[in-house]
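**Q** Numbering-wise, the numbering used here comes out as the position in the sequence shown, counting from 1, plus 267.
Hints are supplied without guarantee of correctness; some may be wrong.
[What the hints assert, rightly or not] Label pairs and their calculated CB-CB ranges:
no., residue 1, residue 2, range
1, 528, 334, 13 to 23 Å
2, 310, 557, 21 to 31 Å
3, 491, 332, 44 to 54 Å
4, 534, 627, 16 to 26 Å
5, 625, 533, 33 to 43 Å
6, 527, 270, 42 to 52 Å
7, 628, 651, 29 to 39 Å
8, 446, 628, 49 to 59 Å
9, 579, 446, 31 to 41 Å
10, 416, 447, 25 to 35 Å
11, 495, 293, 46 to 56 Å
12, 518, 430, 48 to 58 Å
13, 310, 628, 30 to 40 Å
14, 424, 517, 41 to 51 Å
It is worth saying that the hints were derived from the structure and are not from the lab.
The C-beta atom is built at its ideal place from N, Cα and C for all residues, glycine as well.
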Amino acid sequence: MGEFIIKMPDVGEGVAEAELVEWHVKAGDPVREDMVIAAVMTDKATVEIPSPVSGTVIWLAGEIGDRIAVKAPLVRIETAGEADEAQPVQISQARVAETTKVEIAKPAPAAPAPAAAPVEKPLAAPSVRLFAREGGVDLRQVQGTGPAGRILREDVEQFLSQGAAPATVKNGLARKTATEEIKLTGLRRRIAEKMVLSTSRIPHITYVEEVDMTALEELRATMNSERREAHPKLTVLPFLMRALVKAISEQPEVNATFDDDAGIITRHGAVHIGIATQTPAGLTVPVVRHAEARGIWDCAAEMNRLAEAARTGTATRDELSGSTITISSLGALGGIVSTPVINHPEVAIIGVNKIATRPVWDGTQFMPRKMMNLSSSFDHRIIDGWDAATFVQRVRTLLETPALIFIEG
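Sequences and hints are given; from them, build the entire structure.
**A** Shown next as structure tokens:
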């Protein structure tokens, strides 16, 4: 018998360690070649690690939530052949995806191992497990169609579409005393760390202003009714993106990042707009690059593409990084006022609240107008209150007079 050691892969330039977010096996489990045995996460990527050999798991490096250094031993597998040297995983590009698969250098051929019995825990990516849990689905009831019986998101959707009854819990009136401790892992921990970094390092100033969206909403309705078949349906956000581009051309200090440690402000000529997007796995920020070079239809199409990629877990690392200013919008859940947290190391974030019809005095009478609040936060170390207010007021003017958005120069 031999022993094969799988090492933690190199999951990205400058990344020294990765977090274990899921084990698909435990000590004593049989594994087959190419069977996914673990999932690890960095700041921007979730990577699934398959076994390059068949055999039996004899040792695992840690527990969920532990951080493992790159090239450190991750799994030891007993094989039927001679002992092999430890093998690190070779990655061409890690993706935040439920279907991410890591290609591993194969060891020298060994004597075939007996066919492995299925593992008790169903094979599924973390995002698929979350999707199933939210839908009340027991994955043990779902037939997987992926490699080695792996359960895909489509399998869970098919299970639900067939009218299968989700797992339910009866709610009685008796007192409940049970508690549950949940370790913060994966993307949820990354979000927590990012929020702490932003709020502890950045002194926020939040400025709220109401915007009369009546004219823009009328224009948007007209453009949607007259749009070409190839064009996406317009929401408010593409108009806001174009308004930000024009306002930034007048106040470039808002489109910047600040290196706290070096004390250097970098003003960016390119306007890369991050769109805070809620996904089944948590909050992500896909980036519409070079918004300054995109028309309104192009902004809408790219935003829709990136949002869908983020929600389905197929967005690349590059698509989830590099923003220079961020928009935060909860759509119909936007409320009246919010206090958005700046996406460090940026210096500004623009929060969009819901549109509501309100009575507005026009000097002689109250008129129904479609009103929306902008709740925007700025890094007060870099942006003075006057400058923050000036920027928001300029954006307001552009949104209230939407023809200005389309005027070049």
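**Q** Failing hints, ascending?
**A** Of the numbered hints given earlier, those the structure breaks are 4, 13, listed in rising order.
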